[in-house]
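Number of protein chains: 2
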Amino acid sequence: MTISRLTADQRDAILAELPRWRLRSDGLAIEAELKFADFNEAFGFMTRVALYADKADHHPEWFNVYSTVHMTLTTHDAGGLSQRDADMARFVETLLPG
Amino acid sequence: MTISRLTADQRDAILAELPRWRLRSDGLAIEAELKFADFNEAFGFMTRVALYADKADHHPEWFNVYSTVHMTLTTHDAGGLSQRDADMARFVETLLPG
Chain D
451 MTISRLTADQ RDAILAELPR WRLRSDGLAI EAELKFADFN EAFGFMTRVA
501 LYADKADHHP EWFNVYSTVH MTLTTHDAGG LSQRDADMAR FVETLLPG
Chain C
451 MTISRLTADQ RDAILAELPR WRLRSDGLAI EAELKFADFN EAFGFMTRVA
501 LYADKADHHP EWFNVYSTVH MTLTTHDAGG LSQRDADMAR FVETLLPG
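The listed protein sequences correspond, in order, to chains D and C.
Each residue of the first sequence is one higher than the one before, starting from 451 at the first, in the numbering used here.
Each residue of the second sequence is one higher than the one before, starting from 451 at the first, in the numbering used here.
With the rest of the complex left out, here is chain D (with noise of 0.2 angstroms):
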């Protein structure tokens, strides 16, 4: 299945929907830096998210040291943006507070 890549219109209207996202420099990928309170509420974030994962078949890629994770998301059969970014980091947002 191919999937499709997000137009430039798509994917300025999922970055201003999120503002704690913000386009990788090479245009391909977004990305977030989160915070947490430490360690352990990092690793449930993270717990949540590989369950969503696994599911969809759409994984991050993520780097975590104590109480931060940084996410980064794109799609590479699409050779860049798709809607299961949009997705999966619309899903990441429902678990972030405020």
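Honestly, the hints are just simulated from the structure, not real lab data.
Just so you know, even glycine gets a beta-carbon here, dropped at the ideal spot from N, CA and C.
Incorrect hints may have been included.
Calculated pairs, DSSO-like style, for lysine-lysine (alpha carbon to alpha carbon, straight line, at most 30 angstroms) [what the hints assert, rightly or not]:
1) K505/D / K505/C
2) K485/D / K505/D
3) K485/C / K485/D
4) K485/D / K505/C
5) K485/C / K505/C
6) K485/C / K505/D
Listed next, the stretches of chain C that the computed footprint assigns to chain D, with coverage defined by at least 3 CB atoms under 8 angstroms from CB atoms of chain D [what the hints assert, rightly or not]:
7) 457-471
8) 495-506
We have chain D; now place chain C onto it with these hints.
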């Protein structure tokens, strides 16, 4: 509590015991690139390490994309490698095949 930094001899003994791990170029951390069958296995591994880390109050720096986990171990309170990193690396080894 001050945590002692490993001596060069202790560090070399650990690296000899754990061939999957290499010293980071600055000498202050050890790192390993771990490959799994898929995301489910990779995150299952991370979950077991996270439970250990939470109990030990010693946390890895790690990056995951799909089936790959890149781990870096260091002890900030020791300004380099400590026994805690050696213990965590040995625990990681018990979770890996072969």
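Tell me, in ascending order, the numbers of any earlier hints that this structure violates. 7
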